[in-house]
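Take the given structure of chain A and dock chain B to it, following the hints.
Protein chains: 2
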Amino acid sequence: MSIEQTPPNRDNTPDNDVVEDRISDDRISDDIDRIHALCEILEPSFEQIEAGVPIEDESLRDKFTELTVLLAELHPADVAAVLESLPPRERNIVWLLVAPEDDGEVLLEVSDSVREMLIESMDKDELLAAVDDLDADELAELADDLPHQVVYEALQTRDEEEREQVKAAMSYEDNQVGAIMDFELVSIRADVTCEVVLRYLRRFDSLPDHTDKIFVVDENDVLQGVLPIRKLLVADPEDMVADVMATEVVRFRPEDDVEEAAQAFERYDLVTAPVVDENKKLIGRITIDEMVDVIREESEADMLNMAGLQEEEDLFAPVWDSVKNRWMWLAINLCTAFIASRVIGAFEGSIEKIVALAALMPIVAGIGGNSGNQTITMIVRAMAMGQMTGTQAGRLLKKEVGVALVNGIIWGTVMGVISWLLYGNIGIGLVMVAAMTLNLLLAATVGVLIPVMMDKAGRDPALGSSVLITAVTDSGGFLIFLGLATIFLL
Amino acid sequence: MSIEQTPPNRDNTPDNDVVEDRISDDRISDDIDRIHALCEILEPSFEQIEAGVPIEDESLRDKFTELTVLLAELHPADVAAVLESLPPRERNIVWLLVAPEDDGEVLLEVSDSVREMLIESMDKDELLAAVDDLDADELAELADDLPHQVVYEALQTRDEEEREQVKAAMSYEDNQVGAIMDFELVSIRADVTCEVVLRYLRRFDSLPDHTDKIFVVDENDVLQGVLPIRKLLVADPEDMVADVMATEVVRFRPEDDVEEAAQAFERYDLVTAPVVDENKKLIGRITIDEMVDVIREESEADMLNMAGLQEEEDLFAPVWDSVKNRWMWLAINLCTAFIASRVIGAFEGSIEKIVALAALMPIVAGIGGNSGNQTITMIVRAMAMGQMTGTQAGRLLKKEVGVALVNGIIWGTVMGVISWLLYGNIGIGLVMVAAMTLNLLLAATVGVLIPVMMDKAGRDPALGSSVLITAVTDSGGFLIFLGLATIFLL
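Quick mapping for you: the protein sequence lines, in order, are chains A and B.
All letters in the first sequence, in the order written, are residues 1 to 490 by our numbering.
All letters in the second sequence, in the order written, are residues 1 to 490 by our numbering.
The hints are simulated quantities; they were obtained by calculation from the structure and are not laboratory data.
No false leads were mixed into what you were given.
Part of the chain A face toward chain B, derived, beta carbon under 7 Å: (1) Arg230; (2) Met306; (3) Ile351; (4) Asn373; (5) Thr389.
Small disclaimer: the values here were computed from a predicted structure and weren't measured.
By construction, the Cβ of each residue, glycine as well, lies at the ideal position given by its N, Cα and C atoms.
Excised from the complex, chain A in its bound form (with noise of 0.2 Å):
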């Protein structure tokens, strides 16, 4: 039985019932309003504010005191939102007043953009003690951040565990389960009975967060099995650890991708899961509230990246940081467009002779563009779902095909019969239907291949198949178009 690496120290848990006081979410946000309004008041005065110049103006200062009151009052994760939304100088202000004790907190908690310029606006002893209160894990996830002297001085002050645990997690990817693994952690012996492993948790002044399990290891630290807590409490004190522990769990590899740690913890219900090496040794544990960020942050990426953003953006962002976040897109978008603005200029002694084939023509790769996207979400999303298999894809494609056709038979019409009425020639009605519903069949057909193709390419399919299919609907709806109009029409 034995404190696994790091032994649990209060100090640098934080600890989760203190979080509890924060009662009401409404409460809150009358809190970040009245913030936001007392950072505009005060933002004239940044600089003697910076200076640590006392505020003359009675008010003003009333006012800094009430702001100061506020924050004090804030979880680093509220502390955190509220940084986000300010511009550069009023989030100095708060940044200023935030509780050092918090800085370690905080910094974990906003976005990247946020946390590069925060770490600007710090000097080293300032930031030595904001990552001083940090576990190793921590520290790793903040070490990328921050200037190379600060993380060799903070590594000083750590024994020789602990800077190998950062070493440990610095060594994995971002997206690996290794570089946000906990190493805090309680293990026993399966020899013992659960009276004693009461009486050895007392010994503790508190435990990890999150502790529903403990882990069950041998002298070598091979994972046995869990003890969950829900089991201990109910056991007789007499049973023996091995008689009630659950013997085959859920357990991940530092190798394994994160997604696919949260997936099975969403899909299990887990609350803890413990990480161990090739021999199954015990290394670490991986947490619900890790697991959530995972989720959330999967969930964005793939809106930013549907949205044509490359990343999280901070919200007051310099303009040109912007701009250097939006360009790629942009820039592919321009692309895409110019080619289809190509097709089109194929096709300019027809528009010349049938002026109304340039007001008609938006409609045709616009339905393909829709329709394309809404078979490309389902693909996508299955597969993310692991339920996209060899013979899958086929039985899609014809499913996919069939409601394209279907909507391009109603559709098309309801266009046809329309521009027939609008520009009195039967003619340009039927190619309206031909070319959507042919349109509608394309889309479908390529909403299906795109993303089966860019997996067995081992590529990501959700990035960059929407901008992939509306380029081939919008160039191929004009085609289309424009292609049998010149041979029907003309």
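Frame of chain A; chain B shown alone:
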């Protein structure tokens, strides 16, 4: 000290630790591939299997046995994923083979459309058996999809208290905390020692899932505080609960929005939290596993909406169901495309004279839509995180206009030069620069204003924003470009 509401019961509580023998994710996905393959082989024998006629062909019989064994090993959550990924007949084969005692759990896990289909395939006795093991809150979740007669008879087998719980849970909307709260919890009084609590807990057969804290109530069940298990385990057995418990807790009302509750869980790293009525009387609790589902569903709903799907669609839904799920967005898209088409129609005279305009106009519209979606995504995200207050909108508008101006000048110039070279007409080039810049400015302005106005009007800013902005930048882009060209080039 009392057991709150439903007494915990070994049969009733799905045992988390049985779950834990699903080890590696890799093995699961191999199993699922194999199940897909077996289902395809067995599909032609569907009628026989459904009728319960023994399969004569020996090799088929072996396959059938293999499928049965594979399914028996899967966790209900995995069975649900398999069911969602199969076409109707194969889905029915799998459903016939699922152990009756897992039926209820599986029904809770599958998507709405698949759930409806599975329930349709079952007779009354099968349904009654399936829901028999479920908790009150789980029965309430299924009740909407079950035939009335089944709900009625299922309620008859429960005691008065449970019937009240089911009715209570059903009285809340799907997006309210009351609809997902759990009635199974452990509560104690404040005036006992930790030793007494430990002895009390030992009298349970098992504790409710995710029990990370015990709720402390007075004689009227009014919540006094919570006793985290982490604290109970390290406390001196002689300590009074009143001295160890946390008195200020994050608590929810059954009317609260589940998404806000999920944000609180995420922010404060909660595992469970109490639900109280207006008199602070403890009526239930919510758990992190439900919150993870909320976060996942919320982000999926956003993604489906962005792609123009009304709701989660059964992968193998009949063509007609898919058409119904998708028609609304296609219709909206067609309307906006039609408006854009009429804008172009108004300039047919200009296009007849300079046919190059027809080829260039989609570029102007396209970049506006792309950039507008970038802006709107930033704003919607900031709103979702509660970072938008009164004056923020004005400042963000200023920033977004700045970004649009820079992008307009850069990309406008690029495309302007290309158009000039392509058509040998510097006028066309200059109109491109001006039109692209103006459309980007329009996109930025509308990209900030649309979500702000939708929020003020009490609408969900995420829903439909993307369609709306594309409509504005398409019609606006055509109008600006063709308008400028008509004024300056003709």
